[in-house]
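Engineer: Here's the letter readout for the chains.
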Amino acid sequence: MVHVHNMSFGYSKKYLLFENLNLSLTRGHIYGLLGKNGAGKSTLLKNMIGLAFPQAGTCQINGQPAAKRLPSVLEDLYFLPEEIYVPALTAEQFVKHTAGFYPQFQQAELHRYLREFEVPWGAILDRLSFGQQKKFMIAFGLATNTGLFVMDEPTNGLDIPSKVQFRKIMASALTEERCMIISTHQVRDLDSLIDTVVVLHDRKIVLNQGLDQVAERLTFTTHSTTDGLDVLYAENSVRGQQVILPNTDGRYSRVDLELLFNALISNKSSVLQHLNQPEYEKSF
Amino acid sequence: MKNHFNFRRFGQLFKKHSVENFKQYALSTGVLIGSMTLVMGFIAYLSGSPIVSQQQAIFFILFLLGSGFIFTSSIFSNLGNKNQAVAALSLPASHFEKYLVGWLYSFLIFSVVFTASFYVVITLIVNLDEWHSQEKEILNVFSAEQEVYGAYIIYAFLHAVAIWGAIFFTKTQFIKTAFVFLVLAGLLTTLNFQVLEAIFQQDLHVATPFTNVGFQVDKEYYSLELPEQQQRLIVLVPIVLALLFWATAYARIREKQL
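Taken in order, these protein sequences are the chains called A and B.
With UniProt numbering, the residue at position 206 of the first sequence is 206, and numbering never jumps.
With UniProt numbering, the residue at position 142 of the second sequence is 142, and numbering never jumps.
Careful, some of the hints might be misleading.
When the alpha-carbon atoms are kept at most 25 Å apart in a straight line, the in silico BS3-like pairs for lysine-lysine are as follows [unchecked claim]:
1) B/K82 - A/K36
2) A/K13 - A/K68
3) B/K256 - A/K14
4) B/K82 - B/K136
5) B/K23 - B/K82
6) B/K2 - B/K219
7) B/K171 - A/K13
8) A/K96 - B/K15
9) A/K96 - B/K23
Treat the hints as calculated values from the structure; they're not laboratory data.
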């Protein structure tokens with residue numbers, strides 16, 4: 001669905017934010033795009049959807065250059081930025097005049113999402129709190145049923161119950177026809193939501209793997225001591241040492257996204273090397 | 001072709017723009033009517049007579065160009081605000097449709113609303129008093145005698161400059177566009193004068209860009225201009241410039257990045 005090929009981009013020609021970046025995203029997945037503040041997550045998303053143009057390489061959506069912003073591409077794409085804009089209209093008026101641009105829009109779904117988010121239908125949008133506005137736009141974006149739904153820091157401004165609701169609704173809205181991308185630096189907000197993790201660090205995509213594959217290769221656990229363990233990465237916590245170990249016995253553990261992210265950006269390459277080494281099937 | 005223009009989609013976009021900006025446009029029309037009433041009413045009150053049609057023509061031209069330039073400078077202000085720009089650029093409509101909605105509102109619809117507002121105000125002022133039985137007259141903008149309608153052609157040129165500035169600049173579009181326009185107009189006039197003086201190798205009295213040159217030789221004053229039957233071609237200058245600026249503005253909207 002989204003293909004980024006040898007893309008280079010920078011706000012000035014002297015300093016490139018990305019260099020020869022490659023990334024492919026397919027339908028049927030919820031991707032979590034992780035990166036530190038300033039890593040370029042929002043810029044990468046803007047390039048992907050045609051709001052910024054690569055200096056070299058290409059960004060394509062369904063085989064079309066994103067930078068052209070063709071209506072046929074845009075009607076299958078919904079982008080929710082971190083800072084949203086809502087006009088001074090009621091939700092009903094907004095939907096009446098905007099939904100028609102999205103051929104797959106489902107009003108019944110919108111009402112369901114709004115009920116779950118507890119956003120009033122008759123309210124004037126720009127008079128709602130920021131969190132309510134954001135929930136409305138998330139609900140609207142989901143109801144457009146676009147093949148590509150891109151969200152930049154969608155949980156910023158949401159309270160804790162709304163974040164829980166957000167995860168539930170997002171999970172229920174994923175279909176085989178949809179590709180969802182959620183960019184965040186609040187790694188915990190993506191727990192039990194995404195199925196593929198993409199990590200942006202040092203101008204590169206350092207990881208683009210399904211959580212299943214990660215769990216197949218790595219074990220996330222807590223130990224009182226790391227003595228005698230083949231530790232790939234460890235962090236102190238109040239409960240002891242949180243560690244990442246090679247998964248040698250084939251048992252699946254829950255991927256601790258925050259620990260994995262910290263390991264990847266710590267510039268200790270052992271976790272990455274382990275994830276990227278070729279896997280050989282046992283023949284006996 | 002559907003990716004460039006589609007009537008149904010354009011209609012939807014036009015409606016969306018109208019609904020979202022109705023209050024602002026209604027208020028702007030109110031301010032325009034109020035300003036014209038205040039200025040022209042004050043002049044009529046001070047002079048104690050209804051404004052004559054020549055004065056009305058001057059007010060018509062000044063208000064049309066001034067208010068049109070200000071209004072057009074703000075027509076794409078949403079592209080200068082990051083949050084609004086994301087919503088505008090990612091909306092599934094073509095660049096041409098988005099540009100056309102702004103163009104229609106700031107040129108065609110503005111011209112109609114302005115002309116109607118002007119007539120409302122001038123009719124009100126002229127009929128507000130008996131003016132000691134002085135003759136009352138109302139300007140006919142479309143009369144071939146005064147040719148006030150030529151102001152629409154100048155407005156087309158100013159509109160094109162303003163709409164280019166509205167898309168090119170992200171903040172304080174009106175001030176920046178006006179500044180660039182005045183600097184360029186000053187440069188053009190100065191350079192035109194200097195170059196023509198170099199060509200004629202003498203002091204010139206007047207050298208207006210695209211129109212005429214005036215100079216004196218042995219106490220004889222000469223004015224060099226196009227033959228009378230070709231003078232109307234000068235009207236093509238603002239039209240061609242307007243077309244160029246409109247095209248540049250459209251290209252700019254296609255290249256807009258955030």
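Engineer: Hint by hint, say whether it matches the structure.
Structural biologist: To see whether the hints hold, each was checked on the structure:
1. B/K82 - A/K36: 22 Å, holds
2. A/K13 - A/K68: 22 Å, holds
3. B/K256 - A/K14: Roughly 21 Å separates the two Cα atoms, so the pair holds.
4. B/K82 - B/K136: 52 Å, violated
5. B/K23 - B/K82: Holds, at about 22 Å.
6. B/K2 - B/K219: 66 Å, violated
7. B/K171 - A/K13: Answer holds: B/K171 to A/K13 is near 24 Å, not above 25 Å.
8. A/K96 - B/K15: 10 Å, holds
9. A/K96 - B/K23: Roughly 18 Å separates the two Cα atoms, so the pair holds.
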